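What follows is the residue order along each chain.
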Amino acid sequence: MTTLKERTEAPTARGLASSALIALLTNGHPSPEAKLELGAAVERALDECHDIKTDEDLQLSLFLLYLLHYGPAEFVRGEWEWDPDLIRIRSSIEERFEAQLRAEVELPSPLPRDGKAAAEMLFEMTQPAAKPGTAMWLAKNATEDLLREFLIQRSIYTLREADPHTWSIPKLQGRAKAAMVEIQADEYGGGHPDKVHSEIFARTMRNFGLDDTPDVYLDVVPASTLASTNLISMFGLHRRLRGANVGHLAAFEMTSTIPNKHYGNAFRKRGYGQDVTWYFDEHVEADAVHEQLAARDLVGNLVDDEPQLTEDIFFGAAACLYVDGRAGDHMLEAWSSGRSSLLTPEPRV
Amino acid sequence: MPHPHNEGALPDRSVPRESQPLSRTQNDLRDATELSETDASAEPRPAPGSAESPVITVCPKGPLLVRGDFLMAAEPGAEPLPPERKVIALCRCGMTSIAPHCDGSHKLAKVRAFMPRKDRD
Ligand code: FES
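Line order of the protein sequences matches chains P and Z.
When you line the first sequence up against this note's numbering, it's residues 8 to 356, in that order.
When you line the second sequence up against this note's numbering, it's residues 434 to 554, in that order.
Honestly, I wouldn't trust all of these hints.
To be verified - Capping the alpha-carbon separation at 27 Å, the derived lysine-lysine pairs in DSSO-like fashion look like this:
no., chain 1, residue 1, chain 2, residue 2
1, Z, K540, Z, K494
2, P, K123, Z, K540
3, P, K147, Z, K543
Bear in mind the hints are in silico, worked out from the structure with no lab data behind them.
None of the values given here were measured: they were computed from a predicted structure.
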């Protein structure tokens, strides 16, 4: 069965910017002032923002603006996807997001000079994921509530797994394009609807007793989690950032096998069977392949074919590790001190 | 344990998929086995070096990647089956929990496991 559900209710605003945006998107006939109000609210939010990675109002706004490109939820009224004013407002948030990340992430220095060295460098950068803190902690301390929270946190990205990286396929050429298609085709189940990874995850959610409608848990998920999906959407939608998206995909795949093994164990420990753990088990086997393809065939070839993209490839990889690392830290900090990592502790949607 | 919305069972990967129609390769292989005694000129497999012939790539400090047109038998005498995915990674460090496939555990393996014996310490 394929998921064809849509979130029907408008999400809850988290500040003036998201409030103005939701008002605009849900009103079929907005007044001309509504757009001006939104522009002013976003400008003010950016002025007051100290850390955009954890800014609830701006990350939610960015998430909703990207949502227009993935398939608008039912709460959106009207045709907004290519509205020039919304694109301009989105750009102003993206500029800040990118600038802050470029200032905060550390790139390897010197950068690798050829594809082979680039692949080796990526393996080195992602080596810490062989001992993944959050996943190992969860495997040890899993409770029903924590597993539920974990799936809810994951659902924002994973119910559209692979889509934001796929935006880059038409922006690549030759060997790198072929390598990305090879990886993404496997993500999409090699043409079998039941094996599409987002569908396997939806099944995990249903069998755990959760709602598998995309974004249904949006209101309880913190900015740090939205930021990790927004990052890939930003990289994917800009041709200029295709190197960063490739680097992001590589780092993502290369930090997947061992954490997913621990996550699978966390569910097994609580007595869940293959109908819930298949998603994690599948990723152990699939990503052991993908990480080799991503490092060597995708990044390796792209560095050799378009060496000018090397810096961005490593920016994307480092940004993936940094932003996803923060999202993981947020969960681990909350859980290990007995708190919920969600905005509202009792998610019963 | 709560399983409120339990759904149908997963395909059991351990059961040989005899009910499925044979792939072209399997048919070719059967033909080849039957023919090989009588007709040595039969060409059941892609020619070596063609786009389809299997290629094994040895990944440094990692698995063997196998891609192309190939079948794999789970054990000697077992029916050779097409792989679950187009490219597979076979463990060569011995640490995997999903043998014969690689599960990424080689990242925790000592480098010497991947070296020819003469180069080990
Ligand atoms: S080669 Fe990857 S787990 Fe052994």
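Hints versus structure:
Restraint check for K540 of chain Z and K494 of chain Z: satisfied, since their Cα atoms lie roughly 8 Å apart, inside the 27 Å limit. Straight-line distance between C-alpha atoms of K123 of chain P and K540 of chain Z comes to about 18 Å, which keeps the hinted pair within the 27 Å bound. At roughly 25 Å between alpha-carbon atoms, K147 of chain P and K543 of chain Z fall within 27 Å of each other, so this suggested pair holds.
Checked against the numbered hints listed earlier, the structure breaks none of them; every hint is satisfied.
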